[in-house]
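> As given, the protein sequences belong to chains Z and B, one line each in that order.
Start counting the first sequence at 0; every next residue gets the next number (numbering that gives the first Met the number 0).
Start counting the second sequence at 0; every next residue gets the next number (numbering that gives the first Met the number 0).
Don't read these hints as lab results, they were simulated from the structure.
Keep in mind that the hints are not guaranteed to be accurate.
Stated by the list, open to error - Okay, the calculated beta carbon distance ranges per label pair:
{"#": "1", "chain 1": "B", "residue 1": "Asp170", "chain 2": "Z", "residue 2": "Pro16", "range": "51 to 61 Å"}
{"#": "2", "chain 1": "B", "residue 1": "Gly591", "chain 2": "Z", "residue 2": "Lys85", "range": "54 to 64 Å"}
{"#": "3", "chain 1": "Z", "residue 1": "Gly123", "chain 2": "B", "residue 2": "Pro708", "range": "22 to 32 Å"}
{"#": "4", "chain 1": "B", "residue 1": "Glu180", "chain 2": "Z", "residue 2": "Pro114", "range": "55 to 65 Å"}
{"#": "5", "chain 1": "B", "residue 1": "Glu139", "chain 2": "Z", "residue 2": "Glu68", "range": "50 to 60 Å"}
{"#": "6", "chain 1": "Z", "residue 1": "Lys85", "chain 2": "B", "residue 2": "Glu672", "range": "52 to 62 Å"}
{"#": "7", "chain 1": "Z", "residue 1": "Glu119", "chain 2": "B", "residue 2": "Ala167", "range": "31 to 41 Å"}
What the hints assert, rightly or not - Straight-line C-alpha distance at most 30 Å; calculated DSSO-like pairs for lysine-lysine:
{"#": "8", "chain 1": "B", "residue 1": "Lys597", "chain 2": "B", "residue 2": "Lys187"}
{"#": "9", "chain 1": "Z", "residue 1": "Lys29", "chain 2": "B", "residue 2": "Lys287"}
{"#": "10", "chain 1": "B", "residue 1": "Lys600", "chain 2": "Z", "residue 2": "Lys85"}
{"#": "11", "chain 1": "B", "residue 1": "Lys208", "chain 2": "Z", "residue 2": "Lys29"}
{"#": "12", "chain 1": "Z", "residue 1": "Lys115", "chain 2": "B", "residue 2": "Lys187"}
{"#": "13", "chain 1": "B", "residue 1": "Lys350", "chain 2": "B", "residue 2": "Lys311"}
{"#": "14", "chain 1": "B", "residue 1": "Lys597", "chain 2": "Z", "residue 2": "Lys29"}
{"#": "15", "chain 1": "B", "residue 1": "Lys287", "chain 2": "B", "residue 2": "Lys253"}
{"#": "16", "chain 1": "B", "residue 1": "Lys208", "chain 2": "Z", "residue 2": "Lys115"}
A virtual CB, placed ideally from N, CA and C, is assigned to each residue, including glycine.
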Amino acid sequence: MINFTLNGEEKSFDGDPDTPLLWVIRDFEKLTGTKYGCGIAQCGACTVHLDGSTRRSCVTPISSVDGSEVTTIEGLAGAEAEAVQKAWVAIDVPQCGYCQSGQIMSAVALLQYTPKPTDEDIDGAMAGNICRCATYQRIRQAIHDASDMMEG
Amino acid sequence: MTMHTTRRAFLAGTGLVIGFAIAPRGFAAEGVPAGGGDALEAMNAFVKIGTDDTVTILSKHIEFGQGPFTGLATLIAEELDADWSQMRAVHSPADDKVYANLAFGLQGTGGSSSIANSWEQYRQAGATARAMLVAAAAEEWGVPAAEISVSKGRISHAGSGKESGFGALADKAAQQTPPAEAKLKDPKDFVLIGKDLPKLDTPEKTNGKAVYTLDVTADNMLVAVVAHPDHFGATVKSFDDAEARKVQGVVDVKQVPQGVAVYADNTYAALKGRAALNVEWDLSGAEKRSSSELAADFSSQIGGSDALEASKRGDVDQAFSEDGTVSLEAEMVFPFLAHAPMEPLDAVFIKRDDGSLDVYSGAQFPAMDQATAAEITGVDPAKVRLNTQLAGGSFGRRAQFGSPYMQEAAAVFAATDGSRPVKHMWTREDDIRGGFYRPMYVHRMKASIDPDGRITAWDQTIVGQSIMGKADLDETSVEGAANLPYAIPNLRVMSHNVALPIPPLWWRSVGHTHTGFAVETFVDELLQKVGKDPVEGRLALLGDEPRHMGTLRKVAEMADWGSAVPEGRERGVAVVKSFNTYVAQIVEVSRGESGMPKVHKVWCAVDCGVAINPNVIRAQMEGGIGYGLGAVLFDEVTLGKGGGIEQSNFHDYRSLRINEMPHVEVAVIASSEKPTGVGEPGTPPIGPAVANAWRRLTGSPVRRLPIVPAGMA
Numbered sequence: 000m001i002n003f004t005l006n007g008e009e010k011s012f013d014g015d016p017d018t019p020l021l022w023v024i025r026d027f028e029k030l031t032g033t034k035y036g037c038g039i040a041q042c043g044a045c046t047v048h049l050d051g052s053t054r055r056s057c058v059t060p061i062s063s064v065d066g067s068e069v070t071t072i073e074g075l076a077g078a079e080a081e082a083v084q085k086a087w088v089a090i091d092v093p094q095c096g097y098c099q100s101g102q103i104m105s106a107v108a109l110l111q112y113t114p115k116p117t118d119e120d121i122d123g124a125m126a127g128n129i130c131r132c133a134t135y136q137r138i139r140q141a142i143h144d145a146s147d148m149m150e151g
Numbered sequence: 000m001t002m003h004t005t006r007r008a009f010l011a012g013t014g015l016v017i018g019f020a021i022a023p024r025g026f027a028a029e030g031v032p033a034g035g036g037d038a039l040e041a042m043n044a045f046v047k048i049g050t051d052d053t054v055t056i057l058s059k060h061i062e063f064g065q066g067p068f069t070g071l072a073t074l075i076a077e078e079l080d081a082d083w084s085q086m087r088a089v090h091s092p093a094d095d096k097v098y099a100n101l102a103f104g105l106q107g108t109g110g111s112s113s114i115a116n117s118w119e120q121y122r123q124a125g126a127t128a129r130a131m132l133v134a135a136a137a138e139e140w141g142v143p144a145a146e147i148s149v150s151k152g153r154i155s156h157a158g159s160g161k162e163s164g165f166g167a168l169a170d171k172a173a174q175q176t177p178p179a180e181a182k183l184k185d186p187k188d189f190v191l192i193g194k195d196l197p198k199l200d201t202p203e204k205t206n207g208k209a210v211y212t213l214d215v216t217a218d219n220m221l222v223a224v225v226a227h228p229d230h231f232g233a234t235v236k237s238f239d240d241a242e243a244r245k246v247q248g249v250v251d252v253k254q255v256p257q258g259v260a261v262y263a264d265n266t267y268a269a270l271k272g273r274a275a276l277n278v279e280w281d282l283s284g285a286e287k288r289s290s291s292e293l294a295a296d297f298s299s300q301i302g303g304s305d306a307l308e309a310s311k312r313g314d315v316d317q318a319f320s321e322d323g324t325v326s327l328e329a330e331m332v333f334p335f336l337a338h339a340p341m342e343p344l345d346a347v348f349i350k351r352d353d354g355s356l357d358v359y360s361g362a363q364f365p366a367m368d369q370a371t372a373a374e375i376t377g378v379d380p381a382k383v384r385l386n387t388q389l390a391g392g393s394f395g396r397r398a399q400f401g402s403p404y405m406q407e408a409a410a411v412f413a414a415t416d417g418s419r420p421v422k423h424m425w426t427r428e429d430d431i432r433g434g435f436y437r438p439m440y441v442h443r444m445k446a447s448i449d450p451d452g453r454i455t456a457w458d459q460t461i462v463g464q465s466i467m468g469k470a471d472l473d474e475t476s477v478e479g480a481a482n483l484p485y486a487i488p489n490l491r492v493m494s495h496n497v498a499l500p501i502p503p504l505w506w507r508s509v510g511h512t513h514t515g516f517a518v519e520t521f522v523d524e525l526l527q528k529v530g531k532d533p534v535e536g537r538l539a540l541l542g543d544e545p546r547h548m549g550t551l552r553k554v555a556e557m558a559d560w561g562s563a564v565p566e567g568r569e570r571g572v573a574v575v576k577s578f579n580t581y582v583a584q585i586v587e588v589s590r591g592e593s594g595m596p597k598v599h600k601v602w603c604a605v606d607c608g609v610a611i612n613p614n615v616i617r618a619q620m621e622g623g624i625g626y627g628l629g630a631v632l633f634d635e636v637t638l639g640k641g642g643g644i645e646q647s648n649f650h651d652y653r654s655l656r657i658n659e660m661p662h663v664e665v666a667v668i669a670s671s672e673k674p675t676g677v678g679e680p681g682t683p684p685i686g687p688a689v690a691n692a693w694r695r696l697t698g699s700p701v702r703r704l705p706i707v708p709a710g711m712a
C-alpha cells in the first residue's frame, strides 16, 4: 500500500507499484488536468509538484511517491499560482490548451524560487515544456507579468 | 449559402436534439456530458439562448486552438447585439448538411476556412435570432417591432420604457417565424468585430478544467492500445499474448486489422501489456526502401513520361536557349513530417442501454467519423452520436478522408462485446510512427537570367505523393508554385505523383509547406545573383499582386529594412499567399552556439481581409511561425535501411522549445475584403525566410530540410 497526499487529501494506492504517478492521478483519482504527452519526460505536459518541486509524473513510479505531497493543477493555490493564472488569462496564452497545465505548473514553481526571473531563467525553467502550438512568446510575457503583479 | 426559413426547418435534420448545451467551462467533471441541463431555447441551428441570458453558439468547426469558438461567437454576438460576457460556445452535433463547411459541402474543419465560410452564415444566424427576440418583445409589450432596439444584450423600447434581457424572451422568441433573410450590419457599425475580445476557452484552459477526449471517462471503462508495425504496409503474421495477459489489469488481447489490441482496466496496464506482446509481422507488402533511396527514386522520375503539367506560359525551353542566358539550378529535398499534436489521437466509445452509441473524439470531419463508427460497429447510423471534443492540437492530423483513425478505434471497440465503455488511445510513439505524414517531396528548379539581369524563365518539377490520392494532377502538390506570383514571362511547373504504402496527409499549410520554401528561397537566390535587394526585387516582380506587395511593404517598414543589422546576423525575407491570406515575414538570424541557425526576431505582416479578432490573428501568426520554425530546424521522419521508421518520440522528433522561440512582432493589415483564414498561413514563410538569411550568413543555400549546417550532417 502506497500512501501519499494529493492536493491536500490523503490517498492510498494498492495497484501495480510501477504505475506512473500520471496514470494514478488520471485513471484512479480521476483528475484529468494533468496530461499525457510523451511518456518519457520529454514534453512536460504531465508536470506536477512533488514536495514543492516540479516533477514529470509520467516517469515517476507511484512506489517512489510514498509519503510525498503531490499537487496538480486542480490543487494549485497561493500567490504565485493566482498571479500566473491571472496573467495567462489576461493575454490569452493558450491555443489548444493541452500543454498549459504543465506550463503553468512549471511557471508557478519558477516564480516560487525566482520571483523576478530573467528571460534566461524562464528558458531554463520552461525549456522542458513543449507547446506544439508554440505559445512560447506569450508564456514568457505572462511569466514576467505575473512576476510584476506579485511585486505589485 | 443555405439558410432555412422556418424554425422547424432550421432544426430538422440536425440529427439529434442535444439535451445539453453548456459553456466550455461547464463540462461535467466526469467528462461525459449528461442529458438535461439549463433550459435553452434554440433560435436556429447555431444559436441557443438560456433563461439565464447566456447565448450559446454551436460551432460547426472544431476548436483546437485556432479560435473558431471565439471567432464564430463574435460573428453571432455582433449581429445579435449581445454582450460579450454572455457568450458561450460548444461544438455542434455531427451533420454534413446543417453544419456543412460551405467551402467543402460536408462538415469539416481545414484549409483555414472556418471564418471564411461562416462569415455570412453565422452573422445571418445572429441577425435572425435578434429579429426573433425583437418580434417576441413587440408581441409581449404590444409595441411596434421597428421601435425596439437591442444593445449589449438588452432589448428595450424607449417609448414605453420597457426593457428585458434575452433570457426572459427566449421561449417566446423561439416560437416566432424567423425572417427569410435578416439584414446584416454595415461594417461601419460593427462594435465587436475587429476588437481583441478575450477568448471564450481561455479560462478553462488555464485551470485544468478543459475536457479533451483523453479526459472523457466512464464507469467500468476499458483502455485499449494497439501494437502497430514499424514498417509501412506490414501486417500481423502471428502473435503470442501469454506474457501480456499476465500483466495485472490486462483484460483481453485481440487482433484488429491495424495490429494487436490490448484491453486493460487502466492506461498503464494497457501499455505494459502491449510492451509484453510478442508480435511477428509480415513484411512482404511493406515499404523496404530507406528515405535516401526514396529521394533518389523520386529524383530519377523527373523528366519521365508520366509528368503532369501544372502550369505553363510562354516558352521555357526557348528562353533557356537564348544567347547570353545564364541559368541557375537547384534540387531540394523535403522530408516526411509528423504533425505531433500534443494530444495524440484518441476516442471513447460508450454503448447506451437503448442500443445507441456515443463516440467522443476530436473530430475534424465529424459526420465522416460518425458514419465510419456506425459502419464498423454495426450500430444504426441514426443511433451513433459523434460528440466532438476540444482537441489538443491537430495541424491537419485529425482530418482524414475515410476516417482511418476512426476505423482503428471503432474496430477496437467492435472487437469487444460492447458491454464496457472503451477508450482507445495512441501513444506518442504511435503518433510519430503512424504515418499520415506531410509527404516527402523532391523539387527540381531551374531559372534563366538574360544579359540584362532579368529573370526570363522558371522551370519547376515537383515529385511526391498525391495527398488527395489522385492519379492525375493533385493541386495540393503544386499550389503556390503553379500560381507563382512573380511576373516571369516563361513558366513551366510539372508534377509527378509517386505511390507509396506510407499514408500521406496535409500538414499545416499543405502544399505551401514545400512550394513556399522552394519558390521563396529560389527567387531570393536569383535576386541575389542579379544584384537586387530581396524586398525591392520581389516588389518589382509582384506588379499584379497588390496584397503581396502590401504585406511586403508593411513588414519592411516594421523591420526598418535596410537599416544596420547587428554584427554576426543576417536578415531574410519571404512572402507567401496561402488559403487567400497573404503573409510576409522578415527574420534576423545568427549562427547559434550549436552551429545551428539561431533566429532572434521575426517581423510578420498579415492581410486576411476583415480582422475578426486581431489578437487571435496575432496568436496564429506567432504559433504558425513557431510550428514552422521547429520543422525546418529539426524535424524529419526517416525510414532507415530496410524501411524501418527511425523516430519514435519527442527526443528524436524535436519540437521547438521556448529557448528557441524568436520574438515575433505581428501587424494585421487593415482591410475590408472578406475575411480569410489564419490557422495555416503563418507557417509557410518562416522556413524560406530563415533559409534566405542563413544563405546570406554562411554562403550555403539550403537544399534539404531540416537545415543541417555543413559539417554537422
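> Can you tell me whether the CB distance of Z:Glu119 to B:Ala167 sits inside 31 to 41 Å?
Violated, at about 56 Å.
> Starting from B:Lys600, check that the Cα of Z:Lys85 is at most 30 Å away, please.
Holds, at about 27 Å.
> Does Z:Lys115 sit within 30 Å of B:Lys208, going by the straight-line distance between their CA atoms?
Distance of about 29 Å is within 30 Å: holds.
> Would the pair Z:Lys115 and B:Lys187 pass a check requiring their Cα atoms to be no farther apart than 30 Å?
45 Å, violated
> The hint says 52 to 62 Å between Z:Lys85 and B:Glu672; measuring C-beta to C-beta, is that right?
Given a distance of about 37 Å, which is not inside 52 to 62 Å, the answer is violated.
> Check whether the Cα positions of B:Lys287 and B:Lys253 lie no farther apart than 30 Å.
27 Å, holds
> Honestly, do B:Glu139 and Z:Glu68 meet the 50 to 60 Å range at C-beta?
With Cβ atoms ~58 Å apart, the hint holds.
> Hey, B:Lys208 versus Z:Lys29, does the alpha-carbon distance stay inside 30 Å?
12 Å, holds
> Regarding the pair B:Lys597 and B:Lys187, is the alpha-carbon distance no greater than 30 Å?
Violated. B:Lys597 to B:Lys187 sits at ~44 Å, over the 30 Å cutoff.
> Hey, B:Lys350 versus B:Lys311, does the alpha-carbon distance stay inside 30 Å?
56 Å, violated
> Does the Cβ pair B:Asp170, Z:Pro16 satisfy 51 to 61 Å?
At 57 Å between Cβs, range holds.
> Holds or violated: 22 to 32 Å for the Cβ distance of Z:Gly123 and B:Pro708?
25 Å, holds
In summary, the structure is inconsistent with hints 2, 6, 7, 8, 9, 12, 13, 14 from the numbered list given earlier, while agreeing with the others.
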